[in-house]
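*Asks:* If you read the sequences in order, they're chains A and B.
FYI, in our numbering the residues of the first sequence are 206 to 512.
FYI, in our numbering the residues of the second sequence are 206 to 512.
Because the hints were derived from the structure by calculation, they are not lab data.
Certain hints may be false.
In this list, chains with the same sequence are indistinguishable; a pair is considered to hold if it fits within one copy or across any two.
Computed list of lysine-lysine pairs in DSBU-like fashion (alpha-carbon distance at most 30 Å, straight line) [unchecked claim]: (1) K363 to K296; (2) K231 to K363; (3) K422 to K208; (4) K422 to K450; (5) K296 to K231.
2 protein chains.
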Amino acid sequence: MSKQIYDRVALIGLGLIASSMFWAIKRAGLVGEVTGYARSSETRDTARRIGLCDRVCDSAAEAAEGSDLVVLCVPVGAMESVMKEIAPVLKPGATISDVGSVKRHVIETVQPHIPEGVHFVPAHPLAGTEHSGPEAGFAELYDNRWCLLVPVENSDPKAVAALRGLWEGMGANVEEMEADHHDLVLAVTSHAPHLIAYTMVGVADDLRRVTDSEVIKYSAAGFRDFTRIAASDPTMWRDVFLTNKDATLEILGRFTEELFALQRAIRTGDGDHLFDYFTHTRAIRRGIIEAGQDTDAPNFGRERAKP
Amino acid sequence: MSKQIYDRVALIGLGLIASSMFWAIKRAGLVGEVTGYARSSETRDTARRIGLCDRVCDSAAEAAEGSDLVVLCVPVGAMESVMKEIAPVLKPGATISDVGSVKRHVIETVQPHIPEGVHFVPAHPLAGTEHSGPEAGFAELYDNRWCLLVPVENSDPKAVAALRGLWEGMGANVEEMEADHHDLVLAVTSHAPHLIAYTMVGVADDLRRVTDSEVIKYSAAGFRDFTRIAASDPTMWRDVFLTNKDATLEILGRFTEELFALQRAIRTGDGDHLFDYFTHTRAIRRGIIEAGQDTDAPNFGRERAKP
Ligand SMILES: NC(=O)c1ccc[n+]([C@@H]2O[C@H](COP(=O)([O-])OP(=O)(O)OC[C@H]3O[C@@H](n4cnc5c(N)ncnc54)[C@H](OP(=O)(O)O)[C@@H]3O)[C@@H](O)[C@H]2O)c1
Ligand SMILES: NC(=O)c1ccc[n+]([C@@H]2O[C@H](COP(=O)([O-])OP(=O)(O)OC[C@H]3O[C@@H](n4cnc5c(N)ncnc54)[C@H](OP(=O)(O)O)[C@@H]3O)[C@@H](O)[C@H]2O)c1
Numbered sequence: 206m207s208k209q210i211y212d213r214v215a216l217i218g219l220g221l222i223a224s225s226m227f228w229a230i231k232r233a234g235l236v237g238e239v240t241g242y243a244r245s246s247e248t249r250d251t252a253r254r255i256g257l258c259d260r261v262c263d264s265a266a267e268a269a270e271g272s273d274l275v276v277l278c279v280p281v282g283a284m285e286s287v288m289k290e291i292a293p294v295l296k297p298g299a300t301i302s303d304v305g306s307v308k309r310h311v312i313e314t315v316q317p318h319i320p321e322g323v324h325f326v327p328a329h330p331l332a333g334t335e336h337s338g339p340e341a342g343f344a345e346l347y348d349n350r351w352c353l354l355v356p357v358e359n360s361d362p363k364a365v366a367a368l369r370g371l372w373e374g375m376g377a378n379v380e381e382m383e384a385d386h387h388d389l390v391l392a393v394t395s396h397a398p399h400l401i402a403y404t405m406v407g408v409a410d411d412l413r414r415v416t417d418s419e420v421i422k423y424s425a426a427g428f429r430d431f432t433r434i435a436a437s438d439p440t441m442w443r444d445v446f447l448t449n450k451d452a453t454l455e456i457l458g459r460f461t462e463e464l465f466a467l468q469r470a471i472r473t474g475d476g477d478h479l480f481d482y483f484t485h486t487r488a489i490r491r492g493i494i495e496a497g498q499d500t501d502a503p504n505f506g507r508e509r510a511k512p
Numbered sequence: 206m207s208k209q210i211y212d213r214v215a216l217i218g219l220g221l222i223a224s225s226m227f228w229a230i231k232r233a234g235l236v237g238e239v240t241g242y243a244r245s246s247e248t249r250d251t252a253r254r255i256g257l258c259d260r261v262c263d264s265a266a267e268a269a270e271g272s273d274l275v276v277l278c279v280p281v282g283a284m285e286s287v288m289k290e291i292a293p294v295l296k297p298g299a300t301i302s303d304v305g306s307v308k309r310h311v312i313e314t315v316q317p318h319i320p321e322g323v324h325f326v327p328a329h330p331l332a333g334t335e336h337s338g339p340e341a342g343f344a345e346l347y348d349n350r351w352c353l354l355v356p357v358e359n360s361d362p363k364a365v366a367a368l369r370g371l372w373e374g375m376g377a378n379v380e381e382m383e384a385d386h387h388d389l390v391l392a393v394t395s396h397a398p399h400l401i402a403y404t405m406v407g408v409a410d411d412l413r414r415v416t417d418s419e420v421i422k423y424s425a426a427g428f429r430d431f432t433r434i435a436a437s438d439p440t441m442w443r444d445v446f447l448t449n450k451d452a453t454l455e456i457l458g459r460f461t462e463e464l465f466a467l468q469r470a471i472r473t474g475d476g477d478h479l480f481d482y483f484t485h486t487r488a489i490r491r492g493i494i495e496a497g498q499d500t501d502a503p504n505f506g507r508e509r510a511k512p
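Same shape as in the complex, but just chain A (with noise of 0.2 Å):
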């Protein structure tokens, strides 16, 4: 029995996310050839160097052609662009799908492009790193992780059954999921928590009283894992708010609600309070760990790793 779903297979932006996706495409051999292409010369030649893609391409529309699924791996704000690019080069039958952290506007920019006869299946993978670049992936990123796939109305069934065969096989779990609902469970899960941390970074640096050097030493007690999240790439998580602005500014808007009620709590010495919701917000932890989807080990486990 052969494992592989597609005879070929192209990466448009060579970053973590489609470097992941070349060496667990690899690991399993699920496609024939992988073609790729990036915006810069210099993440091309890195590409070439590592050899990341079967073949790297000097144009978006070269590595598209004859391709029977084309992912979209760069920001998303640079979808619309790059589909408009590759529009005229497509064979009929071909995929379209990308891998973008939000999905509504994705699909307000790159469908109107799709030109017939070609099919057009969202999504996302739910794994990442704080890293980026085309150096930053590995073939385990998606293991045991979600992809949801967001299919638009009159998807083709069988184009949708082969992309999700392709994520199955580079590891993870798929799961159908409506573009709006996507968008908002993200909000919570990811973009509003993004903000926050690069919000509470942005406040440590500033302050006049706590030099930087103090902030950066005394860092390990909860604000480090703030800025490791902070650390994430500025580009991708602009386009992550500017495009999932309406969720996104619904979750800080119950964020600050709740954050006043605490603060008021705090001020009011009403320490009942601040114990019921230390403790119930404990039970969540505990689902995820046994949901699989984080470690136990204290601190992730970074502690007793050390070099």
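Given chain A's structure and the hints, the job is docking chain B with the ligands onto it.
*Replies:* What follows is chain B with the ligands alone, placed relative to chain A:
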């Protein structure tokens, strides 16, 4: 050359911090005999079963009597009552220290009960995990972490030097800091981030349109780091916020101000502001890694360490 620094040390409270101290003390042979006491018979039984402390006593006074150093390892709100209980049995020349996460409040409530001829040297090791209790400790917890000594007026230099030696012997880097500055620095690097994480996890749990199981399943991207922080002990954190009220509220005020500015940038589509802000915060992360206070491995190294 003997490494022994004290003949007898008493640990009052046998949770994460005290148990890690015990194992670190034993690893380096820093103390002749370590006695211990915890409030519940359950914790004392566990301590006896796992060999935590050379002698587990049934009262704080019994553990403290005859000790050269007594370390208060209970929640900040419980320090005063423990101090009152042990004051009558302390031997002249003994040192009282603590590990509380807040220092001004501990000094204000504990110092009045220190008997004549007994030294008082408050301290705070900046190390911990989200786990608590007598079985959570391990000898390596303080390795290469900071321990802040916060001597009070007229702290005896010899008592300070001995305590420094103990913490260095347990693997920590030691610095001295003034109490109010300590409380402000910790509000930035630890207390405010914890409250923010608790808040975000509470908001996610509370949101009707996204189910808890979705939050748990799709937590990979950012949110699960918050849930780890928000899994910390509710009693300890209630006490921290109630006793470091002013500094915490000050930092949360600054945080809210900044968050509003970023929300506004999202609302008005000011991508440049977001991009600049996110670029800036990356530098802090770089500093923390260069200072050896965190790992540079993606996701704290947990992705590749999966079972
Ligand atoms: N990182 C995560 O945690 C994560 C998780 C899930 C989904 N995603 C989504 O995955 C996508 C890629 O993220 P990533 O982390 O892989 O980013 P990355 O490592 O920064 O890589 C982005 C790639 O896109 C290329 N690119 C950027 N702008 C372009 C443009 N205007 N035209 C053509 N190519 C362009 C870049 O080329 P150069 O190298 O030449 O600049 C680079 O190869 C984003 O949509 C993001 O929302 C990310
Ligand atoms: N966890 C951290 O990350 C961290 C880091 C630095 C400093 N600290 C500080 O270290 C101290 C201890 O924290 P921990 O994490 O070790 O806590 P923990 O694991 O929850 O242990 C607390 C210990 O204190 C005992 N205790 C609680 N209330 C008491 C009372 N009223 N009288 C007598 N004993 C009492 C408990 O006894 P039972 O087991 O019988 O309830 C338990 O043995 C706190 O002041 C905290 O602020 C914590």
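*Asks:* Checking K231 and K363: alpha-carbon separation at most 30 Å within a copy, between copies, both or neither?
*Replies:* Close inside one copy (23 Å), not across copies (64 Å); limit 30 Å.
*Asks:* Within a copy, between copies, both or neither: where do K422 and K208 come within 30 Å Cα-Cα?
*Replies:* between (50 Å within a copy, 28 Å between copies)
*Asks:* Pop the pair K363 and K296 into one bin, within, between, both or neither, using alpha-carbon distances up to 30 Å.
*Replies:* Within. Shortest intra-copy distance 16 Å satisfies the 30 Å Cα cut-off; inter-copy 81 Å does not.
*Asks:* Within a copy, between copies, both or neither: which one fits K296 and K231 at a CA-CA cutoff of 30 Å?
*Replies:* Classified as within: same-chain Cα gap 24 Å, cross-chain 70 Å, threshold 30 Å.
*Asks:* Measure nothing new, just compare the shortest in-copy and cross-copy C-alpha distances for K422 and K450 to 30 Å and report within, between, both or neither.
*Replies:* between (35 Å within a copy, 23 Å between copies)
In terms of the numbered hints stated before, the structure departs from none.
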